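Novice: So the protein lines, in turn, are chains C and U.
Under our numbering, think of the first position of the first sequence as 1, with each following residue one higher.
Under our numbering, think of the first position of the second sequence as 325, with each following residue one higher.
The hints are simulated quantities; they were obtained by calculation from the structure and are not laboratory data.
Since the model is a prediction, treat every value here as computed from it, not as a measurement.
Note that the Cβ used here is the ideal one computed from N, Cα and C, for glycine as well.
Hints may be right or wrong, so weigh each one.
[Unchecked claim] Selected chain C positions facing chain U (in silico; Cβ < 10 angstroms):
1) Asn32
2) Val34
3) Tyr62
4) Pro144
5) Val147
6) Val174
7) Gly258
8) Ile260
9) Leu281
10) Phe284
11) Val297
12) Ile299
[To be verified] To list a few chain C residues with every Cβ distance to chain U over 12 angstroms, as calculated:
13) Met1
14) Arg28
15) Pro46
16) Gln51
17) Val108
18) Met196
19) Arg208
20) Gly277
21) Phe280
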Amino acid sequence: MLKYVVRRLAWSIPTLCFVTFLVYVALRIGTNPVESYKRINPRASPEKIAQYIDVNGLDPNYVRGYFRWLVNFITLDWPRSIKGSREVAPALKDALANTLRLGTAASVVGITVGLLLGIFAALRPGGRRDVAVNTAAFVGISIPPYVSAILFQLFFAVYWSRWFGSTLFPTSGVYPPGQTGFNLGLMIRHMVLPTMVVAIQIIAVYARYMRSSLLDVLSSEYMRTARSKGISERRVLFKHGLRNALIPVVTIAALDVGSIVGGLIITENIFSYPGMGKYFLSAFGEGDFPLLMPWMVLIVFSVLLFNLLADVSYAWLDPRIRLE
Amino acid sequence: MNDDVVVPAKSPRRMAYERFVSHRGAVVGVFVLTILVVFVALSPFTARYGVNEAVQAPPNYFLSPRANAWLGTDDIGRDLYSRLIYGVRVSLVIGFFSAVISVFLGCLIGAVAGFRGGMFDDIIMRITDLFLAFPFLVTLLVMRNMLGAITWLRPITGDLSSVRFIIVLFAIFGWMSVARIVRGQVLALKEREFIEAARAVGASRWYIVRRHLLPNSIGPIMVALTFSVVGAILSESTLAFFGYGPQAGAGATSLGILVGQAKGAVNTGFWWLAVFPCLALVIIALSINFIGDALRDATDPRMVKDA
């Protein structure tokens, strides 16, 4: 097991390099960093441009440029952003912290509610509540995050205050404008709506996974064996049923991180929530290469990490799987 | 004459049909979609105004729903109901064509990868894993700009803001999930006796793929097709929502553009601009999702109705 993890980790370094190379090329072709620099700084001197090309690794030769970029990246000699000439690392750190907070909140709420609904539905397959959960999950999957976000905003930002005279949940940012310092209550109130939007997607997906996984387990041989041994129904369900039903769900949870990030990007942007998604879309809109590359590295890294976690957790939870 | 119990013979197709029809959501979905397609196909008759036509002389902007504009008007006085019909038309075209192209490519690549195995299979599956693990929107945006910047692809892809470009873009992505499904099917099927029999009588590989493997995978392929349609419609809306969608001609529209306009209408309380496009999008997505689900139940013979 340990050997497997070490080997996977060793492999992930060349993978990371290869994927970031692809991203590097795609971004260079797609956003044309030199042109966007000239567009935003129309009066930049040729020396400035040459310096910009040098620190960003924008050599006309992609391979040489990539290695130049890589060396700068690893030695933490990160170039400043094109727009506003900001330091990239602090901006990225803030965005990451905000997104982790939102993503964790949404995942915890979403996975818990989703799993409970899935169990609830699977215990009486075909019954009324099963049909209700299934239909609700389908509706949830069919509602893109921006649609629910817009409808929430319409309801809470406009009609709630019109009807009740006060704002229940604010619809943008982390804090009201002008707020300085930390305030947990305000922060939570600002996070309720974005969390709900992301959580709806997660709930819908996990309710369905959990339902089908639990149905599979419930019809398996070892459940019948457990029952025939005279173990109480509750114990059969919890010890034998749920534990086994959770195995595939855990794996999917780890693999699903990409789609959660996708939902976060959309949601953050609509609620002006200063996280990774807003960071990406504004940097992308400007073609801001120095801001985009570290973001991409972070995303590639987390995708690889969660893929590894998925495989390891699967082997760890399911005694039938042996990793070589 | 023996008195055996007569079991009414049902063809597999008949059984699949019955399973499909027993899915209530799917029946409603087919019904809704049919109505929509008819409405959209007959847009010269069903739409009350042109794409850019104002419902009345100014002041005509942000009118709430009323007799001469059933679903209200937008910021420059155009009828939302008529624009929804034009928008759904663009979205359905994008959904249908990109799904058909990506399913075609996916079947081809998936079948070859599964049948051949080896290097080709490894490389294709690695690429697929990579792309599918990434946040979809990020990949789509980056690829969009990259494709748009490659000038020698222009004859195929068309202009960056054209509908054709979006279809090509979605087809380039869409094949991957289909290829994965078809490959899985082919891997499962190719060890079966009837394939061996076909090979024994000297059938060529291409013949086996065409006559045995693909027809036997038709169920999952149909399911993948329906889900690709939804995927493409939702992706187009997502792109358009953030301003990266198609802008076919001046004032032409799509569901995504209409939903995107809702973003600006929210804070001012013009609820009709937000509610109706969103509702249309959700209804379409839900109908097709239900149909896909029912197709999956209907075409999977192992599927026991767990009721």
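Novice: Does each hint fit the structure? Answer for all of them.
Specialist: Evaluated hints:
1. Checking asparagine 32 (chain C) against chain U: minimum C-beta separation of about 7 angstroms stays under 10 angstroms; hint holds.
2. At about 13 angstroms, the closest approach between the beta carbon of valine 34 (chain C) and any beta carbon in chain U exceeds 10 angstroms, and the interface hint on this residue is violated.
3. A least Cβ separation of about 13 angstroms between tyrosine 62 (chain C) and chain U goes past the 10 angstroms threshold, and the interface hint is therefore violated.
4. Residue-level restraint check for proline 144 (chain C) holds (minimum Cβ-Cβ distance to chain U is 5 angstroms; threshold 10 angstroms).
5. Restraint check, valine 147 (chain C) versus chain U: the minimum CB separation of about 4 angstroms is within 10 angstroms; hint holds.
6. Hint on valine 174 (chain C) is violated. Least Cβ distance to chain U is approximately 19 angstroms, over the 10 angstroms limit.
7. With its C-beta approaching chain U no nearer than about 5 angstroms, glycine 258 (chain C) sits inside the 10 angstroms limit, and its interface hint holds.
8. The interface hint given for isoleucine 260 (chain C) is met, as the beta carbon of that residue sits about 9 angstroms from the closest beta carbon of chain U, less than 10 angstroms.
9. With 10 angstroms as the threshold, the beta carbon of leucine 281 (chain C) comes within range of chain U, its nearest partner Cβ sitting at about 7 angstroms, so the hint holds.
10. For phenylalanine 284 (chain C), the shortest C-beta to C-beta distance to chain U is roughly 6 angstroms, which falls under 10 angstroms, so the interface hint holds.
11. Among the interface hints, the one on valine 297 (chain C) is violated; its C-beta lies about 13 angstroms from the nearest C-beta in chain U, farther than the 10 angstroms criterion.
12. Checking isoleucine 299 (chain C) against chain U: minimum C-beta separation of about 7 angstroms stays under 10 angstroms; hint holds.
13. For methionine 1 (chain C), the condition that its CB be more than 12 angstroms from all CB atoms of chain U holds, with the nearest at approximately 22 angstroms.
14. Listed as outside the interface, arginine 28 (chain C) is inconsistent with that label: its C-beta sits roughly 9 angstroms from the nearest C-beta of chain U, within the 12 angstroms cut-off.
15. Distance check on proline 46 (chain C): its Cβ is at least 24 angstroms (rounded) from any Cβ of chain U, clearing the 12 angstroms threshold; non-interface status holds.
16. Every CB of chain U is more than 12 angstroms from the CB of glutamine 51 (chain C) (nearest about 24 angstroms), matching its label as outside the interface.
17. The non-interface label for valine 108 (chain C) is consistent with chain U: the shortest C-beta to C-beta separation is roughly 20 angstroms, beyond 12 angstroms.
18. With a closest Cβ-Cβ approach of about 16 angstroms to chain U, methionine 196 (chain C) is found to remain outside the 12 angstroms limit, as its non-interface label requires.
19. Chain U draws arginine 208 (chain C) into its interface by the beta-carbon criterion, the shortest separation being 10 angstroms against a cut-off of 12 angstroms.
20. Not every C-beta of chain U lies more than 12 angstroms from that of glycine 277 (chain C), the closest at about 9 angstroms, which undercuts listing it as non-interface.
21. Not every CB of chain U lies more than 12 angstroms from the CB of phenylalanine 280 (chain C), the least distance being 7 angstroms, so the non-interface label is violated.
When each numbered hint is compared with the structure, violations occur for hints 2, 3, 6, 11, 14, 19, 20 and 21.
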